[in-house]
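Participant: Now for the letters of each chain:
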Amino acid sequence: MPFASGYFRTSYARELRLVDTRAQAASLTVFLAALGAFPFVASSFLLDLANQFFLASIGAVALMLLTGYAGQVSLGHAGLLAAGAFTVGILVKEANAPFWVTLPAAAGVGALLGVVFGLPSLRLRGLYLAVSTLALYFVVHYVGSEYETERGFSTGIIVDPPALGPLVVSDARAWYFVLLAAAAATVVLALNLLRSRSGRAWRAIRDHETVAEALGIGVPAYKLAAFVVSSMLTAVAGALFAYYRGFVSIEAFSLFLSIQYVAMVIIGGMGSILGALLGAAFVTLFPYAIEALIEVLPTPERYANLVFAVNYAAFGLVMVAFLLFEPEGLVGIWRRVRDWFVLWPFRQRPLAGTK
Amino acid sequence: MRHDANSLRRKNAPLVLAERARAAPDAVAFRSKHLGIYRERTWRDYASLVERCARALAALGLAAGDRVALMGDACEEWMLCDLAAQALGAVTYGIYPTASAAEVEYQMRDGGASIFVAEDQEYVDRLLPLLARLPAVRWIVVIDDAAMFAYDDPRLQRYGRLLEGAAPAPDPAGALAQLAARVPPEAPAFIVYTSGTSGHPKGALVPHGRHLAGAFNLVTHYPTLAEKAHRTVVFLPLCHVLGRDVAITLPLVSQLVPHFGEDLADLPQTLFEVAPTALFAVPRYLQKFASQVLVGISGTATIKRAAYGLAARIGRAHARRRWEGETRAASALAYRLARAAVFRPLLNKLGLDRLELVLAGGAAVPPETAALWQVWGVNVCEMYGQTETAGAIIAGQRGPFPRPGDVGTVPAGWEVRLGAGDEILVRSPDLFDGYWNDRGATDAVLDADGWLHTGDVGAWADGRLRIVDRARDFIVTAGGKTLSPSYIENALRASPYVAEAVVFGHGRKYVTALLEIDYDTVSDWARAHGAAYTGFTSLAQHAAVERLLQGEIERANAQLARVEQVKRFRILPKALDPEEEGEPVTPTRKVKRRLMYERFETLVESMYDDAEERLVAAAAGGLLHQ
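Taken in order, these protein sequences are the chains called Z and Y. 1 is the number of the first residue of the first sequence in our numbering; add one for each residue after it. 1 is the number of the first residue of the second sequence in our numbering; add one for each residue after it.
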C-alpha cells in the first residue's frame, strides 16, 4: 500500500507495477542517476568497494531467498560460491571456454548442487539442516582443493577477463556496470519471485510447514526450488567473482565466508531484500571501517599486526549485538526511521481500518 | 453538458442518464471497487447496465406505479436497480441497513413493495421471517449471492443471473431514453422514509422532475461541482436523501464522480485510496475522524505533538482572521507553512488532503467540529435541508471557510421566511409531493400557499440563516430558563471521547447528561493510561474513564452559560444500537430523548438529588394536611 493517499488502481496491471507512486518513481530516478554517475567521480578504491558490494549482494539476496523467506538454514554458501568459481576456472583451464559458456555452466552446476544441498531439507530442519549443508560445503571444498593439487595449480588458477569480440571487461569502471547490472537483475528476479506463487509458498513454508501443506502447497517441491534458485544465483556470483578477481583459489572460500553471508542476512534483517542489500554493504565495508578506525588512533603502526584479530572480534561482537538488540536488523532500523517521517505527525496510522 | 432547473423539472433521472451516455459515452461516470480494483464505469456502461437491469425487472413483472424496496449499504448495484426501477415508472424506497425487524416490517407494509432488493444474504435473512405477513412481496433480488447456497425460497432471484438474462442492447442510451420517455416527470420517483424521533417514520414521496430540479440547487449554490471534475466517496446510506443526491442525482447533473468502496467497513481505506476532492458528510463522521486524529496526536512523539501544537495555534489564529476577513500576509505565510508541514501530512493519512469542499448536513454540525476542520485547512460548509425538500437544500454556507454557527444563505429561486414562533418556512416549485398514504401529515406541513413548515426554529443574521433549534426541542428548567438541549449536547459531543450525549433538565433544578463513550477513542486512551478493561461495559464503568469524562464535561461547561452547564452525568453501560428493538436511537442515530428517559430512568433520576424537595415537602406537607 502506498504511503500517500490518492492512488487507486483501476486494473490489475497497475497493481503489479514495481514502481507505483510518483514519489517512488522520482526517488528511483535519482538513485539510478547517482549510481550511473558514481564510477566517474569515485576513486579506484571506492570503485573496488562498490564492485565487491555488488558481488556480495548477489550472494546475499540468494541466501535471503533461501533463509529469510523459505526459512531453510544453510551454512554451505561458501561451497556454492566455490563451485561457481571453480566451474569457471576448470572450464577456462581445461577447455578454454568463453564466458558465455562458463556462466551458464556455473548456473547449471549451482542448480545441481542446489538439489543435492536441498535433499536433506526434506527430512531435516534447523540445526540438523545447517550441519548437513556444512558437510556438503566440506565436500565441495575438498573437491576444489583436490583439483588444485592434482592439476598442479596449488597457488590458484588464473582466469582471463571475459571478452565479447573486441569488448573486454577489464577495468574497474566496466566491471562496475557489469556487476551493477547483475546485482540489479538479481534483485528484480528476487522481487518478482517473491510476489508470485513461489514466493508466497516459501513464506508459508517458513511460517508453518504443516499449515502450508494443508493449504495445498507442495512443500518438498518448493523447498527444493528454493535451494535450486538460491544455489544457482550463488554459483553465478561465484563465477563473476572468479572473472572479477582473475584468479581462483580454494583459499578464498573458507568457512568464514559462509558465516559472513549468514551475517549479511541476519544483520540486514530477515525476510527483506532491502535487508540483504544493507547487510551486504555492512559486511563488505565493515573491515575497512575497522581499519580506518585504527588509522585514526595516535600510533596506528603499533596496532598494525592486530588489525586482523580486532576485525574478527569486532565482527563477532556486532553480530551478537544485532541478535540481542535489533533482531530485525538494519532494515528494522531503516523502517523505524522511515515510519517516523512517513507517519508524521502521527505515531501510528490513524483510523484502524487504514493498514 | 449544461443543465438548469427548468429543463430538469421536465425530465427524469434515467432520461438524464441516457443523455449523458449519448453526449459523453466514454467519460467515467463512477468507479466501484471490486476485488481490489476500482472498476471504471463509463456513461455508456452505466446506461447499458441500467437498461439491462430494467429489462430484467420488467421480466419479473415490475410495472409503472409498483414499489421496489432496497436494503443494504451503498453499492453500485443498488444505484443500478434504483434507476432501472425508476425507468420503468416504479417507485423505489430504501430501508436503513440498521433498521430493526419491526421497522422493516412497517416500511415493507406501508410502502407495499412487490420487489425487495437485498444487498447480501444478511438482508435476505432480515426479510425472510417477515414474509408470511407481507403478501405483496413477489420477488427478492439478492445482489451479492456469496452466502446464498442453502436458500431455496422460490421468490429468491440473483441479481447477477437476472442481468445475464438481459443481453446488452446495441444502443443502450437510445433504448434507455425510449423506456424513460414513457415515465412522466411529475410521476412519483421514490419515497424517503424520514426517521422521525417520535412515532412511525413517514414516507416522503418525491416526483422525478422536482427531485432533479431540487437537487440541482446544490449545483447552483456550489458551482464548483459542475465546473470541474470532483472525486467523492459514497458512504452515506442511499435510503437517505443526501446519500441519494451524492451517489445518483448529483453525478447526473454535475461533474461529481462517485467512488464506491469494497465494503462500508473499509471506509477509511477507501477515502485514503480515492483522496476525494469533494465530500458530503453527516456531522457524526466529521466528528469521528476528527477525534481519531486528536487521539492519534495525543499519543504521538513529543516533538511531533509540539509541532502539531504550534501549527494548531497558528491555524486557529489564521482561521479567526479569515472569518473576520482580515488576513495579513505574515499570518497567511505562517499558516501556509503550518499547513505544509503539519496539516497536509496529517490529512494525507486520512486521504482528506485534497478536499476542496466538504458539505456537512443531515444534522446540526457542532461549530467546534467545523472550526477544527477549517483550522486544518478543510473547507467545511454546513448546509441545511430536509427530506421534504426532495433532495434540495434550504440553505448552505457558500464559503470558502465560512464561520461556523449558521447554515448560510438560501439558494437562488428558493424562498425562506420565518413563520409563527420563528419556524422556518420554505417555498419552491420543487418540494416533495406529500407523505405516502398520509394526507393528514402532509397537510400539517404543507400549507395552502405552498409553504413547507420545517418545524425547525430559525433566525436571520446578516442574511444568513441560523438554526436556533431543530424540531422545537426545548428544555425549560425549574428555574424557568429555556435552554436548547441540542446546543449543550453538541458542546459535549465535541469531546473525542463522547459518542453520544443526551441532556435532561426539563422542569429540573439543573441540567444533567447521559453519555455514551466512544469505544474506539476511550479504549485507546485506556490502553495508553494502563486502565484494564474487558469490554464496553467494564470500560464505561471504569473509575478512570469517569474521571476522564468529568474533565471533558468541565471543558464543555467552560463554554456554556451557567444555567446550561451540566452539573452531573452518567455513562451508559452499553452502546446504543439502532438495530435493537426499542432502543432510544433511530437508524440515523438520532436519539429519542423521551425514550431515552424511559429506558434509563433510574440513571437519570440518580443524578437528581431530591433531598431538598423531600425536606420542603415534609415541612410543607404536614402543613397542608392539617
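Honestly, the hints are just simulated from the structure, not real lab data. Warning: the hint list may mix true and false statements.
Unchecked claim - Per the computed footprint, the stretches of chain Z lying under chain Y, defined by three or more beta-carbons under 8 angstroms from a beta-carbon of chain Y, are:
#	region
1	8 to 17
2	340 to 348
Stated by the list, open to error - Over 10 angstroms on every C-beta distance to chain Y, these chain Z residues come out as not near it, computed from the model:
#	residue
3	4
4	34
5	95
6	123
7	182
8	199
9	266
10	304
11	317
Beta carbons are placed, not taken as given, at the ideal position from N, Cα and C, and that holds for glycine.
Participant: The structure should be examined with respect to each hint, and the outcome stated for every one.
Facilitator: Going down the list of hints, with the structure as the test:
no.: 1; hint: 8 to 17; in the structure: holds (count 6)
no.: 2; hint: 340 to 348; in the structure: holds (count 7)
no.: 3; hint: 4; in the structure: violated (6 angstroms)
no.: 4; hint: 34; in the structure: holds (26 angstroms)
no.: 5; hint: 95; in the structure: holds (53 angstroms)
no.: 6; hint: 123; in the structure: holds (39 angstroms)
no.: 7; hint: 182; in the structure: holds (34 angstroms)
no.: 8; hint: 199; in the structure: holds (18 angstroms)
no.: 9; hint: 266; in the structure: holds (29 angstroms)
no.: 10; hint: 304; in the structure: holds (45 angstroms)
no.: 11; hint: 317; in the structure: holds (31 angstroms)
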